[in-house]
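Kindly produce the complete structure, drawing on both the sequences and the hints.
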Amino acid sequence: DAGVTQSPTHLIKTRGQQVTLRCSPKSGHDTVSWYQQALGQGPQFIFQYYEEEERQRGNFPDRFSGHQFPNYSSELNVNALLLGDSALYLCASSSSRMRGVRQPQHFGDGTRLSIL
Amino acid sequence: GDSVTQMEGPVTLSEEAFLTINCTYTATGYPSLFWYVQYPGEGLQLLLKATKADDKGSNKGFEATYRKETTSFHLEKGSVQVSDSAVYFCALSRYSSASKIIFGSGTRLSIRP
Chain A
2 DAGVTQSPTH
12 LIKTRGQQVT
22 LRCSPKSGHD
32 TVSWYQQALG
42 QGPQFIFQYY
52 EEEERQRGNF
62 PDRFSGHQFP
72 NYSSELNVNA
82 LLLGDSALYL
92 CASSSSRMRG
102 VRQPQHFGDG
112 TRLSIL
Chain B
20 GDSVTQMEGP
30 VTLSEEAFLT
40 INCTYTATGY
50 PSLFWYVQYP
60 GEGLQLLLKA
70 TKADDKGSNK
80 GFEATYRKET
90 TSFHLEKGSV
100 QVSDSAVYFC
110 ALSRYSSASK
120 IIFGSGTRLS
130 IRP
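Read top to bottom, the protein sequences are chains A and B.
So the first sequence is numbered by our numbering: it starts at 2 and just counts up by one.
So the second sequence is numbered by our numbering: it starts at 20 and just counts up by one.
These are computed hints drawn from the structure, not numbers from a lab.
Computed from a predicted model, the values in this text were never measured in an experiment.
Watch out, some of these pointers could steer you wrong.
[To be verified] Label-pair distances were calculated between CB atoms; the ranges are:
| no. | chain 1 | residue 1 | chain 2 | residue 2 | range |
| --- | --- | --- | --- | --- | --- |
| 1 | B | G48 | A | N60 | 26 to 36 Å |
| 2 | B | T47 | A | Q18 | 39 to 49 Å |
| 3 | B | E61 | A | G29 | 20 to 30 Å |
| 4 | A | L40 | B | V101 | 21 to 31 Å |
| 5 | B | K87 | A | T10 | 37 to 47 Å |
| 6 | B | N78 | A | S28 | 37 to 47 Å |
| 7 | A | T10 | B | N78 | 21 to 31 Å |
| 8 | B | T89 | A | N72 | 27 to 37 Å |
| 9 | B | S102 | A | Q18 | 18 to 28 Å |
| 10 | B | E34 | A | G41 | 23 to 33 Å |
| 11 | B | G60 | A | L83 | 22 to 32 Å |
| 12 | B | E61 | A | R98 | 25 to 35 Å |
[As the list claims (entries may be wrong)] Take a look, some chain B residues computed to stay more than 12 Å from chain A by CB distance:
| no. | residue |
| --- | --- |
| 13 | G60 |
| 14 | E61 |
| 15 | S77 |
[Said to hold, decoys possible] Covered by chain B, according to a simulated footprint, are these stretches of chain A (three or more residues, beta-carbon under 8 Å):
| no. | region |
| --- | --- |
| 16 | 39–45 |
| 17 | 106–112 |
In this text, a Cβ means the ideal position worked out from N, Cα and C, and glycines have one as well.
Now the structure itself:
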């Protein structure tokens, strides 16, 4: 049973470019959340997708956008990259069919994005 | 808004020492509380959780008790091992497993043999 998988594992971009990160949720999960973890900091919630729609959003600018596909996989897009976007981007999945917190969110190993 | 404050690191201990990492939170109502662990080069793993006041979460020798009166969720372990070296994050979530998680800034723990 595959867990949450993210690709690529590492990525180097320059300022002003655009990037797309990908996430496949754990089998049986239908909800995907994205987090940004800057070096030495805790993860910060970016947004969450369910039923192919953005359901919740954290305090991130519109340069950050996402998408969820019918197979529940998700993409995170960042436009006009800034040096400050350098971070580890984590994807987490969960199931809307499992109520309560007995079934916690499962995290992938992340994509390390470096902006030059 | 909701927030989590945890003990700043790094924390360095000798093997078999007693560990405490302090965590306090700010939130209205009764959030669920978590400790996550991040090993080098890896994502986050849930270490333990507590969903209501006075609950004790435990796993792999680690324990934390949900203290509503002091809004705290301190992580403890009686005898640490070198393999416990990692970054530990205290976190909260408001409603369900699908709700966003709010994390503290993390505490790096290093254990000397």
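The hints, checked one at a time:
1. G48/B / N60/A: 26 to 36 Å: violated, 21 Å
2. T47/B / Q18/A: 39 to 49 Å: holds, 41 Å
3. E61/B / G29/A: 20 to 30 Å: holds, 22 Å
4. L40/A / V101/B: 21 to 31 Å: Cβ of L40/A to Cβ of V101/B: about 24 Å, so the range 21 to 31 Å holds.
5. K87/B / T10/A: 37 to 47 Å: holds, 41 Å
6. N78/B / S28/A: 37 to 47 Å: violated, 23 Å
7. T10/A / N78/B: 21 to 31 Å: holds, 27 Å
8. T89/B / N72/A: 27 to 37 Å: Since T89/B and N72/A have Cβ atoms about 45 Å apart, the given range 27 to 37 Å is violated.
9. S102/B / Q18/A: 18 to 28 Å: violated, 39 Å
10. E34/B / G41/A: 23 to 33 Å: holds, 25 Å
11. G60/B / L83/A: 22 to 32 Å: With Cβ atoms ~25 Å apart, the hint holds.
12. E61/B / R98/A: 25 to 35 Å: holds, 27 Å
13. G60: violated, 8 Å
14. E61: violated, 5 Å
15. S77: holds, 15 Å
16. 39–45: holds (count 5)
17. 106–112: Since three or more residues must qualify, the claim that chain B covers the region 106–112 of chain A holds, with 5 doing so at under 8 Å.
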